[in-house]
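Peer 1: Chains A and B supply the protein sequences, listed in that same order. Mapped onto the working numbering, the consecutive letters of the first sequence carry residue numbers 97 to 513. Mapped onto the working numbering, the consecutive letters of the second sequence carry residue numbers 638 to 1058.
Be a bit skeptical, because a hint or two may be false.
In the DSS-like style, the derived pairs of lysine-lysine whose C-alpha atoms are separated by at most 27 Å in a straight line are [said to hold, decoys possible]:
#: 1; chain 1: A; residue 1: LYS319; chain 2: A; residue 2: LYS384
#: 2; chain 1: B; residue 1: LYS1013; chain 2: B; residue 2: LYS752
#: 3; chain 1: A; residue 1: LYS177; chain 2: A; residue 2: LYS191
#: 4; chain 1: A; residue 1: LYS440; chain 2: B; residue 2: LYS837
#: 5; chain 1: A; residue 1: LYS204; chain 2: A; residue 2: LYS191
#: 6; chain 1: A; residue 1: LYS290; chain 2: B; residue 2: LYS752
Reference listing, derived: stretches of chain A covered by chain B, where coverage requires no fewer than 3 residues with Cβ under 8 Å from a Cβ of chain B [claimed, not checked]:
#: 7; stretch: 160-169
#: 8; stretch: 179-190
#: 9; stretch: 395-402
#: 10; stretch: 465-476
Calculated directly from the structure, the hints in this document are not laboratory data. Backbone N, C-alpha and C define an ideal beta-carbon position, used for all residues, glycine too.
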Amino acid sequence: MTETREAKKVEKTGAKRGLALVDNLLMPALAVFTGLLVGGIIVAVSNDAAIAAWRGFFHAPGAAFKATWDAVSVAYGALFKGALGSPTDFFAALKTYQSTGDTAPLLKAIYPLSESLVAATPYILAGLAVAIGFRCGLFNIGAEGQLFMGALGAAYVGYSIIGLPAYIHLPLALLGGAVAGGIWGAIPGYLKAKFGAHEVVNTIMMNWIAFRLSDWLLFGPMKASGYRPVTPNVEATAELPRFFPDPLRFNWGFFFALAVAAFIYWLLFKTTFGFEIRAVGANPDASKYAGMNVMRNFVLVMTISGALAGLAGATQVLGVDHWVGAGFSAGYGFDSIALALLGKSHPLGVVLAALLFGVLRSGATNMQSVSRIPIDLISVIQGLVIIFIAAPDIIRWIYRIRIGRTEQTVLTRGWGK
Amino acid sequence: MANPALQQSKTSNRNRIAIGVSLLVVGLLMYGVFGIGAQPGQTATFGMNLVSSSQAFTIPDLVLPVQLSLNLLVLVTIFLGAWELARGIRSTGWLIGVVSFCFVSAFLIWATADKSFNFVGMLSSTLGRATPIALAALCGVISERAAVVNIGIEGTMLMAAQAAVMTATLTHNLLVGLIVAILTGAIVAAVHAVLVIRFKVDQIVSGVAINIFGAGVTSFISQRYLESNVDQLNNSGTFKIIAIPFLSKIPILGPIFFENSPIVYLMLLLVIILYVVLFYTPWGLRTRAVGEHPKAADTLGISVFFVRYVNVIIGGMVAGLGGAYFTLGAVGRFDQNMTAGKGFIGLAAMIFGKWNPIGAFLSSLLFGFADSLQVKMQILSVPIPSSFLAMAPYIVTMIVLTGLVGRAIPPAADGTPYEKQ
């Protein structure tokens, strides 16, 4: 009797694990796949040659399909080649290195991969920023402004202080980014806690204020000498060291971001504070009655969230660009929402999603130059991915998946509640 | 301590002191920044006529002595602050309203010292700038009264704006563009409705996805098609300004309200229609019932889903009209991300307007005023960086959202999906 019960229990947890696998791996994968599929349709529709071939569909149906396939495969081929490099190039370069000791071709072969990891670095941090907000029931759609402020903060510390050793200057510059971003996140957090003002609208407003403020800073107090509205280059002591010679920009920022992800994992799942965050996110009323300070959690989490986004900006400045210019943060805010949703607000999931988006973003540049597809295609795909992640029923319906019907998460807390 | 009434009076006491002190600070600040530099002989001239106006007769410009007016405004503010500290003023909303008026007037007079400034011109552009915000706010009112939060208004307006300008340029017919914009809004809203009603997607997530998709798809089309074919696709021209006979001849009010783009008139009309529909028709009653207590409405035989679908889609059409204003009403071409947060500001206007069409319209005017003020101030070359002036609408939005002035209660079921039993 007890044995069967035990067996049943085991079976149940086994089934549960299966469901979790479907939920956490299969559904996001299918969502991304479907997003890419729809993106492919858009590529085909906007390709002149493919459209011309479809005009003559009744004369040569095969040509229409072929032209469509060509358009899509060229675009996506360029995308992935631009992001990951080609294996044949790599092995050829490896051979050259073994025979002649020349590293140049090898560096050239891993350049695309390095660029993808470089692109993934701020994504990891910005995705974590949104994810930790989600865990507490807060929707931070202002990562873009926080990231910009973080970048400016890091740049300011980076170029204005001269003569410090790197082991002090670099952490200080990163801290500058975290503080600037943290302030930008803390304001909506405070307004939410104190007045119940909805953070979605307020973080967007903070974005626009950040853009205007950065206009002023870049044309005024923080402008480098010269014509362009950009900050001066940061001191060498504030730079995140690079691993390879130029033009490879892969740097310590990537590992810093991974370390931060591990820290956030520890914070969320291994500490009392993390438990409180998740409890408040799951049910603020119950948490309040259990004696937790919901309002304090709101402010703290928004501050941490802003600081993470600020760090994302800081790693980009200190590791990659070394200066900040207008439009620095364009697109990161929305990308980070997609990342957090795709990664199910779990640090590991966010890292994986960030790697994927890093590949898409860095490859999109190559796609644009090869087949004239604007980079914004990636935003379209992201919007679709978010919808598919948020509405798993659509994916279930498309692919006829019957198992694993999980509870919908409701993030909306309404206005002023 | 346990007495809640006592605690209540204690917190209200603390609030009273806080407001009183901050008003005093504002008063002193006004004196320190605006009043202190004013010279006895300075005057500020406010133009009361539009340059190209059809009004019956011109009225003289308003010429104010700078120092006297500033001192008067400062005194009023300080007096109100002191009164609040000592005795308390019952209506905080009025108090803050009057002080804001004093502050803005003082700012205007200070900025216009020894210059001339077309006041009616600014008010007239206020209405224009308020139009897309008001339409976004109306969209919010319609759907949220039926308990569906639509945060994707921004993306909806972007897509509608672009669809409008493209079709209008292709067909050489602005009306076609307008209709296409409204249809685009309806389609996008229908997608939102299906996602949140049928698939029970979180309403904020769906709205954000629409914003991302909208920003992406419009930028995509812009770069792929519009930039290389400006004259064929992105040059529609704008609706002619229509002056309403007789009414436009009224001084001051005429040029502000009765010499506008047709979209502005449509907006004004929609405000009234929606107000009547929402509060004086069976459909409005049903909408409000669905927004407040869907289960009760369902019990009475109202189809909750149907009401929600219809309201969200009509809201989308209104937002589409708002999108058309950006292109067909204002500049006649599409620029990437030209809505610049107006959809979100519209949501703030809706909240400040207490989910009421007329309230939403009036608060949109406030945002429109902040927006047109910053533009005019740049022309006056005020010694404040234009970037800071450009922050004004956003900061006003955030202040409004704090609910210090007129806290409102949203529809009870707002944002929650309905599960039919």
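Peer 1: Are the hints correct? Go through all of them and say.
Peer 2: Taking the hints in turn, this is what the structure says about them:
1. The straight-line distance between the Cα atoms of LYS319(A) and LYS384(A) is roughly 48 Å, outside the 27 Å bound, and the hint therefore fails.
2. Of the pairs offered as hints, the one joining LYS1013(B) and LYS752(B) holds, with about 13 Å between alpha carbons and a cut-off of 27 Å not exceeded.
3. For the proposed pair LYS177(A) and LYS191(A), the alpha carbon gap of about 20 Å is at most 27 Å, so the pair holds.
4. The straight-line distance between the Cα atoms of LYS440(A) and LYS837(B) is roughly 18 Å, inside the 27 Å bound, and the hint therefore holds.
5. Of the supplied pair hints, the one linking LYS204(A) and LYS191(A) holds, its CA atoms being roughly 14 Å apart against a limit of 27 Å.
6. A distance of roughly 42 Å separates the Cα atoms of LYS290(A) and LYS752(B); the hinted pair therefore is violated under the 27 Å criterion.
7. Closer than 8 Å: that is the beta-carbon criterion, and the stretch 160-169 of chain A has 0 residues meeting it against chain B, so the requirement of 3 is violated.
8. Look at the stretch 179-190 of chain A against chain B: 0 of its residues bring a Cβ nearer than 8 Å to a Cβ of that chain, fewer than three, so the hint is violated.
9. With 0 residues having a beta carbon nearer than 8 Å to a beta carbon of chain B, the stretch 395-402 of chain A misses the requirement of three or more and the stated coverage is violated.
10. For a cut-off of 8 Å, the count of residues in the stretch 465-476 of chain A with a CB near a CB of chain B stands at 8, and the three-residue condition holds.
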